[in-house]
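Participant: Sequences are here, hints too, so could you generate the full structure?
Number of protein chains: 2
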Amino acid sequence: MDIQRIDQYAKEMIFEAGKRIRDAFSYDLKVETKSGANDLVTNIDRETELFFIEKIKAFDATHKIIGEEGMGEKVDSLEGPVWIIDPIDGTMNFVKQHRHFFITIGFFVDGIGKLGYIFDVMREDLFYAIEGKGAWYNDSPMRKLQPLKIEEAIIGINASWVTPNSYLNHEKMIELIHTIRGTRSYGSAAMEIAFVVSGKLDAYISMCLSPWDIGGGTVIAKEVGAIATNLKGEYFDFLNPDTFIIANPSIHQKILEHYIEEK
Amino acid sequence: MDIQRIDQYAKEMIFEAGKRIRDAFSYDLKVETKSGANDLVTNIDRETELFFIEKIKAFDATHKIIGEEGMGEKVDSLEGPVWIIDPIDGTMNFVKQHRHFFITIGFFVDGIGKLGYIFDVMREDLFYAIEGKGAWYNDSPMRKLQPLKIEEAIIGINASWVTPNSYLNHEKMIELIHTIRGTRSYGSAAMEIAFVVSGKLDAYISMCLSPWDIGGGTVIAKEVGAIATNLKGEYFDFLNPDTFIIANPSIHQKILEHYIEEK
Numbered sequence: 001m002d003i004q005r006i007d008q009y010a011k012e013m014i015f016e017a018g019k020r021i022r023d024a025f026s027y028d029l030k031v032e033t034k035s036g037a038n039d040l041v042t043n044i045d046r047e048t049e050l051f052f053i054e055k056i057k058a059f060d061a062t063h064k065i066i067g068e069e070g071m072g073e074k075v076d077s078l079e080g081p082v083w084i085i086d087p088i089d090g091t092m093n094f095v096k097q098h099r100h101f102f103i104t105i106g107f108f109v110d111g112i113g114k115l116g117y118i119f120d121v122m123r124e125d126l127f128y129a130i131e132g133k134g135a136w137y138n139d140s141p142m143r144k145l146q147p148l149k150i151e152e153a154i155i156g157i158n159a160s161w162v163t164p165n166s167y168l169n170h171e172k173m174i175e176l177i178h179t180i181r182g183t184r185s186y187g188s189a190a191m192e193i194a195f196v197v198s199g200k201l202d203a204y205i206s207m208c209l210s211p212w213d214i215g216g217g218t219v220i221a222k223e224v225g226a227i228a229t230n231l232k233g234e235y236f237d238f239l240n241p242d243t244f245i246i247a248n249p250s251i252h253q254k255i256l257e258h259y260i261e262e263k
Numbered sequence: 001m002d003i004q005r006i007d008q009y010a011k012e013m014i015f016e017a018g019k020r021i022r023d024a025f026s027y028d029l030k031v032e033t034k035s036g037a038n039d040l041v042t043n044i045d046r047e048t049e050l051f052f053i054e055k056i057k058a059f060d061a062t063h064k065i066i067g068e069e070g071m072g073e074k075v076d077s078l079e080g081p082v083w084i085i086d087p088i089d090g091t092m093n094f095v096k097q098h099r100h101f102f103i104t105i106g107f108f109v110d111g112i113g114k115l116g117y118i119f120d121v122m123r124e125d126l127f128y129a130i131e132g133k134g135a136w137y138n139d140s141p142m143r144k145l146q147p148l149k150i151e152e153a154i155i156g157i158n159a160s161w162v163t164p165n166s167y168l169n170h171e172k173m174i175e176l177i178h179t180i181r182g183t184r185s186y187g188s189a190a191m192e193i194a195f196v197v198s199g200k201l202d203a204y205i206s207m208c209l210s211p212w213d214i215g216g217g218t219v220i221a222k223e224v225g226a227i228a229t230n231l232k233g234e235y236f237d238f239l240n241p242d243t244f245i246i247a248n249p250s251i252h253q254k255i256l257e258h259y260i261e262e263k
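First to last, the sequence lines map onto chains A and B.
Sequence positions in the first sequence follow my numbering and run 1 to 263.
Sequence positions in the second sequence follow my numbering and run 1 to 263.
Just so you know, these hints were derived from the structure itself, not from any lab.
Remember, predicted model here, so these are calculated numbers, not experimental data.
Just so you know, nobody snuck in bad clues.
For chains that are exact copies, the list does not tell them apart, and a pair is met inside one copy or across any two.
With a straight-line Cα cutoff of 30 Å, these simulated BS3-like cross-link-like pairs (lysine-lysine) come out: (1) K200 - K232; (2) K11 - K74; (3) K200 - K19.
Facilitator: Quick look at the structure:
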């Protein structure tokens with residue numbers, strides 16, 4: 001399998017999809033159909049997924065596709081080549097903010113992540129990786145993450161997870177946020193993962209993510225040394241939703257041991 | 001007083017300061033002095049404030065200046081023309097993320113906000129307003145905020161404020177975040193205020209902000225109909241730190257009445 005060629009094809013698809021979204025979007029901005037914003041987003045989301053499916057099937061009809069919008073076939077195993085696609089991660093940001101939404105794509109072969117992409121559609125910023133070759137932010141190689149103390153960490157975490165909830169002992173999460181330097185929350189898992197792999201955040205924690213939210217990100221994670229698991233410390237299976245943490249390797253285990261207590 | 005001329009001068013200052021910061025910053029990125037990042041930021045912060053002070057004094061030496069870095073004279077009244085300046089809001093973002101930091105400036109006369117600016121240094125995006133004339137995002141006029149239900153609101157709030165704290169009954173804040181659609185947290189008050197005035201967020205709440213964090217933002221708020229007060233619903237006095245909320249007018253009062261209980 002020619003991974004370089006697939007990488008090239010994937011990038012071309014992503015840039016083209018990004019342009020299509022920006023074009024559809026700027027048209028909407030002009031016509032100001034505010035009341036129809038949700039429908040418009042659903043349409044753009046689905047059209048973008050269909051665009052990816054058509055492109056991938058044209059490339060190789062045997063490749064399987066797992067997509068957020070469920071426009072492809074049902075996939076129940078990661079055997080062979082599988083694309084995991086989120087055409088627009090951060091839908092609310094797309095509607096209200098006109099920024100902070102992302103295309104994210106992972107390409108797996110027999111369950112092993114080969115290629116990963118997180119694309120900031122409005123900034124036209126691409127974070128990507130090729131398994132075993134490294135990770136890049138646009139044209140610059142990304143560095144391995146540097147160790148830090150947990151007290152210096154900035155962590156992406158939604159405020160809900162520090163309030164009583166059915167997933168976690170929230171008292172432990174309160175201890176965590178009182179220990180670290182600060183928290184952020186952007187409303188897009190792909191954005192928070194992109195920030196972790198590039199050292200802009202030191203961890204990101206979520207109680208429930210789907211394979212398409214993290215597929216591309218986990219491939220980039222491996223190349224920069226970030227550790228991505230569920231909250232039990234196990235690898236995500238990429239077929240079902242699960243809890244999720246991605247972190248700088250110097251604090252991943254410490255967060256799981258000291259601050260995460262699943263119910 | 002020729003407000004249009006002052007507006008023109010202010011914008012020129014801001015764009016020039018932004019360029020100086022980006023230049024200093026890209027030099028740092030090249031030399032990769034990671035260990036000295038904090039010192040570098042302190043220096044850029046101070047140099048930028050000094051730059052503004054010199055520019056303003058050259059324009060009119062009688063204008064007073066309140067700045068975060070305290071490089072100007074002591075100001076204990078808002079009488080006459082007063083500039084309120086934060087040369088870099090979002091210092092941690094500046095250090096770690098190389099984005100999401102802002103110059104924000106307010107120009108007041110006898111305590112009345114006349115001009116307000118929030119400038120995204122890396123994106124080169126300017127949100128600004130002239131009292132009574134309107135507000136702009138770059139060259140586009142900003143619209144008055146449209147009413148919404150609290151259940152639809154996205155609110156900027158730090159996770160700390162939904163945990164036990166000395167300012168507020170956090171149980172009420174938990175009720176708030178369970179009522180609304182979502183929360184965000186960006187690590188820059190100026191960014192969150194810019195997002196509220198442009199309808200990208202519907203409110204932003206903080207337990208402690210200083211005059212320079214919000215001076216410029218409150219002038220923009222007025223032009224788009226956002227309401228900015230402390231958490232008692234009173235106007236900020238711009239000489240002392242205080243609690244703060246800026247919100248879409250349809251939910252400001254509701255948040256204060258139902259969800260804020262100061263200790």
